[in-house]
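Enquirer: Can you make the complete structure from the sequences, with help from the hints?
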Amino acid sequence: MTFLKNRLVWPVAMLALLLLCALIFSDGFFDIRIQDGHLFGTPINILRASAPLVLVAVGMTLVISTGGIDLSVGSVMAVSGAMACLIIGDLANQNSVGGVTLAVVAAIALSLVLGLWNGFLVAVLGIQPIIATLILMVAGRGLAQLITSGQIINVQSSPYKVIGTGFVLGLPVSVLIAVAVLVIAALLTRRTALGLLLESVGGSPVASRLAGIQARRLTIMVYVVSAACAGIAGLIYSSNVSSADGNNAGNLIELDAILAVVIGGTALTGGRFSLAGTALGAILIATLDTTAQAVGIPPETTLVFKAVVVVVLCLAQSPAFRARLFRRPAARPAARAEVPA
Amino acid sequence: MGEPPAVLEMTGIRKIFPGVVALDGVDFRLLPGEIHALMGENGAGKSTLIKVLTGVYGIDGGEIRLSGRDVRFTGPLQAQQAGVSTVYQEVNLCANLSVAENIFIGRQPRRFGRIRWAEMRRRSADLLARLDLDVDVTAPLNTYSLAVQQMVAIARAIDIDAKVLILDEPTSSLDASEVAQLFAIMRRLRDAGVAILFVSHFLDQIYEVADRITVLRNGALIGEYRTSELPQVELVGKMIGKELATLEQLESRPRDSTEQLERGEPLLRAEGLGREGAIAPFTLAIHAGEVVGLAGLLGSGRTELARLLFGADKADSGHIEMGGKPVAMRSPRAAMAHGIAFSSENRRTEGLIGELSVRENIILALQAARGWTRPIARRRQDDLVAKYIKALQIRPDNPEIPVRNLSGGNQQKVLLARWLITEPKLLIIDEPTRGIDVGAKAEIQRLVAELSTGGMAVLFVSAELEEVLRLSHKIEVLRDRRLVEELENTGDVDADRVMHIIASGATS
Amino acid sequence: MIDVSTTPATNKSGPAAGRRRTYRPNAQYIPVLATLTLLIVMYTLGAVNYENFTHPSVILNLFTDNAFLMVVAVGMTFVILTGGIDLSVGAVIALTSTVAATLLQAGWPAGVVIPTVLLVGGVLGLGMGAVIHFFKVEPFIATLAGMFLARGVALLIDQNSIPITNGFWTGLAEARIVFEPGVYISAMALVALAVVAVAAVVLAWSRFGRNVYAIGGNADSALLMGLPVGRTRIGVYTLSGFCAALGGLIYSITTTSGYAGHGTGTELDAIAAVVIGGVLLTGGSGYVLGTVLGVLVLGMINTIVNFQSLNSWWARMAIGVLLFAFIVLQRLVTRRAK
Ligand SMILES: Nc1ncnc2c1ncn2[C@@H]1O[C@H](COP(=O)(O)OP(=O)(O)OP(=O)(O)O)[C@@H](O)[C@H]1O
Ligand SMILES: [Mg+2]
Chain G
1 MTFLKNRLVW
11 PVAMLALLLL
21 CALIFSDGFF
31 DIRIQDGHLF
41 GTPINILRAS
51 APLVLVAVGM
61 TLVISTGGID
71 LSVGSVMAVS
81 GAMACLIIGD
91 LANQNSVGGV
101 TLAVVAAIAL
111 SLVLGLWNGF
121 LVAVLGIQPI
131 IATLILMVAG
141 RGLAQLITSG
151 QIINVQSSPY
161 KVIGTGFVLG
171 LPVSVLIAVA
181 VLVIAALLTR
191 RTALGLLLES
201 VGGSPVASRL
211 AGIQARRLTI
221 MVYVVSAACA
231 GIAGLIYSSN
241 VSSADGNNAG
251 NLIELDAILA
261 VVIGGTALTG
271 GRFSLAGTAL
281 GAILIATLDT
291 TAQAVGIPPE
301 TTLVFKAVVV
311 VVLCLAQSPA
321 FRARLFRRPA
331 ARPAARAEVP
341 A
Chain X
1 MGEPPAVLEM
11 TGIRKIFPGV
21 VALDGVDFRL
31 LPGEIHALMG
41 ENGAGKSTLI
51 KVLTGVYGID
61 GGEIRLSGRD
71 VRFTGPLQAQ
81 QAGVSTVYQE
91 VNLCANLSVA
101 ENIFIGRQPR
111 RFGRIRWAEM
121 RRRSADLLAR
131 LDLDVDVTAP
141 LNTYSLAVQQ
151 MVAIARAIDI
161 DAKVLILDEP
171 TSSLDASEVA
181 QLFAIMRRLR
191 DAGVAILFVS
201 HFLDQIYEVA
211 DRITVLRNGA
221 LIGEYRTSEL
231 PQVELVGKMI
241 GKELATLEQL
251 ESRPRDSTEQ
261 LERGEPLLRA
271 EGLGREGAIA
281 PFTLAIHAGE
291 VVGLAGLLGS
301 GRTELARLLF
311 GADKADSGHI
321 EMGGKPVAMR
331 SPRAAMAHGI
341 AFSSENRRTE
351 GLIGELSVRE
361 NIILALQAAR
371 GWTRPIARRR
381 QDDLVAKYIK
391 ALQIRPDNPE
401 IPVRNLSGGN
411 QQKVLLARWL
421 ITEPKLLIID
431 EPTRGIDVGA
441 KAEIQRLVAE
451 LSTGGMAVLF
461 VSAELEEVLR
471 LSHKIEVLRD
481 RRLVEELENT
491 GDVDADRVMH
501 IIASGATS
Chain S
1 MIDVSTTPAT
11 NKSGPAAGRR
21 RTYRPNAQYI
31 PVLATLTLLI
41 VMYTLGAVNY
51 ENFTHPSVIL
61 NLFTDNAFLM
71 VVAVGMTFVI
81 LTGGIDLSVG
91 AVIALTSTVA
101 ATLLQAGWPA
111 GVVIPTVLLV
121 GGVLGLGMGA
131 VIHFFKVEPF
141 IATLAGMFLA
151 RGVALLIDQN
161 SIPITNGFWT
171 GLAEARIVFE
181 PGVYISAMAL
191 VALAVVAVAA
201 VVLAWSRFGR
211 NVYAIGGNAD
221 SALLMGLPVG
231 RTRIGVYTLS
241 GFCAALGGLI
251 YSITTTSGYA
261 GHGTGTELDA
271 IAAVVIGGVL
281 LTGGSGYVLG
291 TVLGVLVLGM
301 INTIVNFQSL
311 NSWWARMAIG
321 VLLFAFIVLQ
331 RLVTRRAK
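Residue numbers (this note's numbering), protein chains in the order written: chain G, 1 to 341; chain X, 1 to 508; chain S, 1 to 338.
Bear in mind the hints are in silico, worked out from the structure with no lab data behind them. From the three backbone atoms N, C-alpha and C, an ideal C-beta is built for every residue, glycine too. Please note: incorrect hints may appear among the correct ones.
Simulated restraints, written as ranges between beta carbons of each label pair [claimed, not checked]:
1) S:D220 / G:G37: 57 to 65 Å
2) X:E234 / G:R191: 26 to 34 Å
3) S:P56 / G:A92: 55 to 63 Å
4) X:K390 / G:C21: 51 to 59 Å
5) G:G150 / S:A325: 21 to 29 Å
6) S:E174 / G:C21: 47 to 55 Å
7) S:T282 / X:E276: 23 to 31 Å
8) S:A47 / X:S317: 40 to 48 Å
9) G:A323 / S:T282: 25 to 33 Å
Anything over 10 Å on all C-beta distances counts as not near chain G; from chain X, calculated [to be verified]:
10) P5
11) E9
12) D134
13) V179
14) E243
15) R263
16) S317
17) E321
18) E350
19) E466
Expert: Right, here's the structure in full:
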């Protein structure tokens, strides 16, 4: 029974269950075809759909590990996509690789600045993270629309399209990017002492300062990383649709990202974090949406479906719930207090 | 013998935490109108027994009878309603609320369902006056020192009309005079028929108030004794499981204080260093290999002085020199770069990261000093940690369990280990032996003496004057947030003389 | 600080020292006072820059337009004071307005619909509170699930906006106290103010209210002190669900419609209002009055943006910038005062 205590068992089980449902209720769900040397099929689509979420959730994990939260990720996605499309739209030759590279670099650089801004508000001015990032969440969408002058900018750039829809060695580029970022983040936190110091800051900022940890610098850093991840995710999103849409890009993704982080076993109060768990959580959420479509659940029911899955999952992950459910009658007799008068 | 029937009877209590059997078939009984000491080393299971009784933890076996009836509390609320009032180890109050509220919350005086604030404030002030404590009861609790908070917790517990009063290490952060007040009240309650369970690591205190003693070791019951029939040496022997010839074996003076220290250039010199509201400007020199003791009452500015030297608070006057050169102690990090280490008295909020493992907590400061890009190799971590777990006898000795699952005393040792592995030039330790059992305390004192012989300077802050006298070359006496006197600890300095200076403020 | 010296030492009670000479507000009121001051500054700036800004209707409309938000934010205040959060409130507005509209359309009398709808909100809150307390699920996640559920059910009931024609509803929508033509306060604003008053009394004068603060200060300690932590915690979520349902009713009355898209983003507005009002998200510190000021700040920002008549993206930027300016100023004021 000890494996049941591992929090990640439950998301994996839930994922398996979802895929099983999909297998039963929808034909050809697991068909993976090779077409022009590329992989296609619903499982690949799930991975592609989860790429932006994985990216955002990885950054979010680091922020949450320090006890913070970043609500602005969706807006940063919008800004980054808008920036890239603006530059590409102005190129004489939209297919020039150099121009697109410039656009991508500029978009990510802008995201970094936005992250620095969040970090400054939280770490230097000491504003509560939820409010500090709420500012950018509101203003960021305005900024994105400002960049695109309120229009949806469409671009016709094949190099830019590669980011969201291209393939390398038969694998989708967006998935490769997400995996790369995940691996880099994992190496950076677990092969150096970064992970420990972040967990320490999240566990107790006061004690961390007295132990000589530069909590402020680390805090700024995680917001910058989070914005960078969101920026890349924004590029994938915008490249996918070949346009910049300041209103819809990354809408509500912050909630899904936070959900993914928590499902992955990281507490919102900060401290211990698990990047692998986060990735799993993100894939689970993406699968949820895709499967709901695949098995023919009407769109208006999807939210209720999602709510049920989240509740079941969280209860399964809760040791307190399992204790109540599987309580052996002999182990804890008389839970009621018998208070003498 | 005509003993009255026990108010509280616990039989065959078992409590298992993952990986640890914290209590193994423990019997315990408490008679009305007695003060009963529960003794044992750090991690023996004292606090666990108390928490099992009041329903904080469920039990895995055994029976609890209160006034002859089987009970099984689901939480402290039920225990309190049944007449068991408890002060848990470490202060467990709400620091954001006022002193008065902390005393009365949950049982505020009301009229028509409305809380009567004025009456509540008046009654708390009265209650605290009985403990000889004169504080503004409307101020939030977090504006007061740990000792005042501890007294507030005691005030709350004794005001609850209870037949069983449990005090888990209430004296660990108190001075002699507060302890005396507390004991007077405990005796009064005992005479009124209240059964009191008392935990402390101070043998003198036990022998002063306790009628009977129950000894635990490693979660098992060793025995129940009358205090008058159990000599101190035997008690210690039962606690640590070794026969001792004399107590002096433990409490030997670890350093020959008459020996003079060769002082060269000071390692650190604070010149007119001060911070408004915390400590008046002071001048202090610490030499390599020297143990400097800080003596003074609670709130005399001991901790504040230490924090300034470490850069934990910013000084608003004066400066610090190290090796003759002025240095800026802008942050703890800067101080660490100059070889200063500081172990806070408040291990739970300013020291340990509860969720992280023992190993991670121990290497934290060293790792922070190196920066995140240069991780300490896992092999080296394990070696270092194993060495200090052994040296400080940290129990359980598994470095991978979360530090919050350790008993209070063992947590203190982990914090000490964190700073020792940074091999500082100046080690500032604030109340390092608080809540530590007799054996380990002697061990720590020996360690301090050893370190200073090895050339480390130590600033030793402790409420226990005896300890300061035993260890220090030089004693700095504080009073009312001011450094009033510096004493060479030669043979003629004793506790009375220091107490006199503290009380009169006179520079003799 | 403890009196043991032979001579009566001066200045034993540190925090009280120096209080008599200069007026020093209690540190806990500083954030609220800072919000109030900045609100006045903002109003003055508006008055200087825009014509008609000083018209009394500007302030009264602030209350009328934000009545639902005020009620929701009051519930949120309780939750945040315990150190929790409730993301479901916006969705509960959607659900309750949809349910109310559907039931009214089906011909149910208003006197039955109102209690039913309030019950729905309360029960949902109760459920979330129970899950949070008994199963130790994070409030953020439990209420996020509640948000999905509430909005999902609203969508299941009806995906379109449902108009309300019930006489009682339209009557309430028009009910107001008119001071002079164009200057009035709506009945819904009065309801909101009544909720605020009750909440303030409960928080300051009842055991439940004080337990809320204690749990926010330190839940573990509160438990060890023998406070009814479970009951209180479940209570605040129930209360928040109830307030959200009431907010939903007010919303359905002022818009005379029920719609699954109502209240989108209201949870964030409510959280922002609470935090701007000086409540700490970690719990244990803050006042309902602060929340009211927070709601007014958000309303004032919107009013200024309206007066400036900006297009939608500039408006968003402006809201962000004003929010930023406000929060930073508040932070600086609070820091200095402490
Ligand atoms: N919540 C917990 N989870 C796991 N182990 C625990 C927990 N609480 C205590 N323990 C373990 O139970 C044992 C008994 O601890 P307890 O706190 O009762 O010791 P104690 O006698 O009070 O010691 P001290 O004098 O240091 O306070 C220790 O080995 C400790 O590590
Ligand atoms: Mg203990």
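Enquirer: Each of the hints needs a verdict: does it hold here or not?
Expert: Here's how the hints hold up against the structure:
1. At roughly 59 Å, the beta-carbon separation of S:D220 and G:G37 lies within the given 57 to 65 Å, and the hint holds.
2. Between X:E234 and G:R191 the Cβ separation comes to about 54 Å, which falls outside the hinted range of 26 to 34 Å.
3. Restraint check, S:P56 to G:A92: a C-beta distance of roughly 58 Å satisfies the suggested window 55 to 63 Å.
4. Taking the beta carbon of each, X:K390 and G:C21 are about 55 Å apart, inside 51 to 59 Å as hinted.
5. In this structure the supplied range 21 to 29 Å holds for G:G150 paired with S:A325, their Cβ-Cβ distance being about 24 Å.
6. The given range of 47 to 55 Å is respected by S:E174 and G:C21, whose C-beta atoms sit roughly 51 Å from each other.
7. Range check, S:T282 to X:E276: Cβ separation about 28 Å, and the 23 to 31 Å hint holds.
8. For S:A47 paired with X:S317, a C-beta distance near 46 Å keeps the hint of 40 to 48 Å intact.
9. Look at G:A323 against S:T282: about 28 Å separates their beta carbons, and that is inside 25 to 33 Å.
10. Distance check for X:P5 against chain G: the nearest CB is about 14 Å away, which clears 10 Å, and the non-interface claim stands.
11. The claim that X:E9 is not at the interface with chain G holds, since no C-beta of that chain comes within 10 Å of its own (minimum 13 Å).
12. Non-interface status of X:D134 relative to chain G is upheld: no Cβ of that chain comes within 10 Å, the nearest being about 29 Å off.
13. The beta carbon of X:V179 is kept farther than 10 Å from every beta carbon of chain G, the shortest such distance being approximately 28 Å.
14. The Cβ of X:E243 sits about 40 Å from the closest Cβ of chain G, beyond the 10 Å cut-off, so the non-interface label holds.
15. Non-interface call for X:R263 relative to chain G: holds, since the shortest CB-CB distance, roughly 29 Å, exceeds 10 Å.
16. Every CB of chain G lies more than 10 Å from the CB of X:S317, the least distance being 23 Å, so the non-interface label holds.
17. X:E321, annotated as away from the interface, keeps every beta carbon of chain G farther than 10 Å; the closest lies near 21 Å.
18. Look at X:E350: its CB is around 5 Å from the nearest CB on chain G, not clear of 10 Å, so calling it non-interface is violated.
19. Non-interface status of X:E466 relative to chain G is upheld: no Cβ of that chain comes within 10 Å, the nearest being about 28 Å off.
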